[in-house]
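Novice: Here are the chains, one letter per residue:
There are 2 protein chains.
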Amino acid sequence: MASSSSANFPCAACKFLRRKCMPDCTFAPYFPPEEPQKFFNVHKVFGASNVSKLINEVAPHQRQDAVNSLAYEAEARLKDPVYGCVGAISVLQRQVMRLQRELASIRCDIIRYAAAACDEMPPTTTVGRSCFGHGNVYCPSSQWNNEHYGDNGGSDGGSL
Amino acid sequence: MASSSSANFPCAACKFLRRKCMPDCTFAPYFPPEEPQKFFNVHKVFGASNVSKLINEVAPHQRQDAVNSLAYEAEARLKDPVYGCVGAISVLQRQVMRLQRELASIRCDIIRYAAAACDEMPPTTTVGRSCFGHGNVYCPSSQWNNEHYGDNGGSDGGSL
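From first to last, the protein sequence lines are chains Z and H.
Read the first sequence against the UniProt record's numbering and you will find it ends at 160, with the numbers running on by one and no gaps.
Read the second sequence against the UniProt record's numbering and you will find it ends at 160, with the numbers running on by one and no gaps.
Everything labelled a hint here was simulated from the structure, so no lab data went into it.
Mixed in with the good hints there might be a few duds.
Identical copies go unnamed one by one, so any copy, or any two together, can satisfy a pair.
[What the hints assert, rightly or not] In silico lysine to any residue, SDA-like type, Cα no more than 20 Å apart, as pairs: (1) 53 <-> 116; (2) 53 <-> 64; (3) 79 <-> 57; (4) 53 <-> 119.
Note that the structure is a prediction, hence the values are computed from the model and not measured.
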């Protein structure tokens with residue numbers, strides 16, 4: 001929790017809105033006077049009234065998180081008026097898909113490598129590795145994606 | 001671009017706000033009458049006035065994307081009042097880090113496996129694989145993360 005307000009030190013919201021900061025001020029616990037930009041941002045993007053409504057709608061123990069996530073969204077929207085933080089979601093979703101493809105591909109390479117090594121290994125070799133699968137290995141990326149990463153796609157982050 | 005307004009079919013915004021939808025309505029191209037929920041959401045989260053300001057602030061060719069990203073954010077906030085779409089960013093960031101660790105680990109296994117296979121291979125073997133590195137391989141995850149994935153972390157999606 002941030003600092004509470006007093007008559008001498010109004011919170012950043014009351015100072016910006018030029019109003020008296022009362023002891024029961026909704027904004028004061030989350031918008032301390034030393035962080036004026038935080039309130040400026042959420043006010044510009046969401047409006048003070050909507051922020052106040054949201055604070056009152058969520059449980060007291062979740063209010064700090066709610067305000068922080070609003071502040072994050074607001075800052076992202078002011079930096080990127082077109083995409084806001086949805087741009088970050090899009091970048092991260094592409095990154096996840098790329099990493100999943102890379103992982104599936106490398107796993108497939110390992111299976112092929114191990115299978116080929118087993119097939120080519122002379123019977124008298126002293127190499128003590130176990131052969132987990134041999135012969136032709138059919139291992140398309142899509143199969144691996146479905147089997148191993150079906151839980152990671154758009155459902156976590158919301159498909160855009 | 002969505003459908004334009006007419007006197008008979010006001011856009012979703014003008015219908016909700018109970019006002020006459022004029023031919024130069026700011027909302028009409030982006031809030032067609034058949035999508036009332038889209039305007040309801042952005043109005044509830046951002047306020048109609050802020051949405052109108054944002055539409056006018058961005059270039060005409062980017063307005064559809066801007067409205068769609070606002071609609072996405074608004075829907076996420078109404079579904080999850082505490083974290084909104086910032087929750088999705090957090091989930092995706094963790095997923096990226098987990099995949100990066102997994103990929104680094106599996107790459108390290110490959111190097112160790114190849115090195116051990118080269119060391120244990122009898123000189124007369126007919127296996128025609130090239131040995132890329134042998135002996136003890138020091139391959140901590142952090143090294144791989146720094147070398148191969150230093151560009152993927154918080155900078156893309158914004159660290160929370």
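Novice: If a hint holds in the structure, say so; if it doesn't, say that too.
Specialist: Results for each hint:
1. Taking the closest pair of Cα atoms, residue 53 and residue 116 never come within 20 Å of each other, the shortest separation being 64 Å inside a single copy and 63 Å across copies.
2. In the homo-oligomer, the alpha carbons of residue 53 and residue 64 lie at most 20 Å apart inside one protomer (14 Å), although the nearest pairing across protomers, at 28 Å, exceeds that limit.
3. In this homomeric assembly, residue 79 and residue 57 come within 20 Å of each other (Cα to Cα) only across copies, at 13 Å, whereas the closest approach inside a single copy is 27 Å.
4. Taking the shortest alpha-carbon separations for residue 53 and residue 119, neither the intra-copy value of 68 Å nor the inter-copy value of 68 Å comes in at or below 20 Å.
Figure legend: structure checked against the earlier numbered hints; hints not met, in rising order: 1 and 4.
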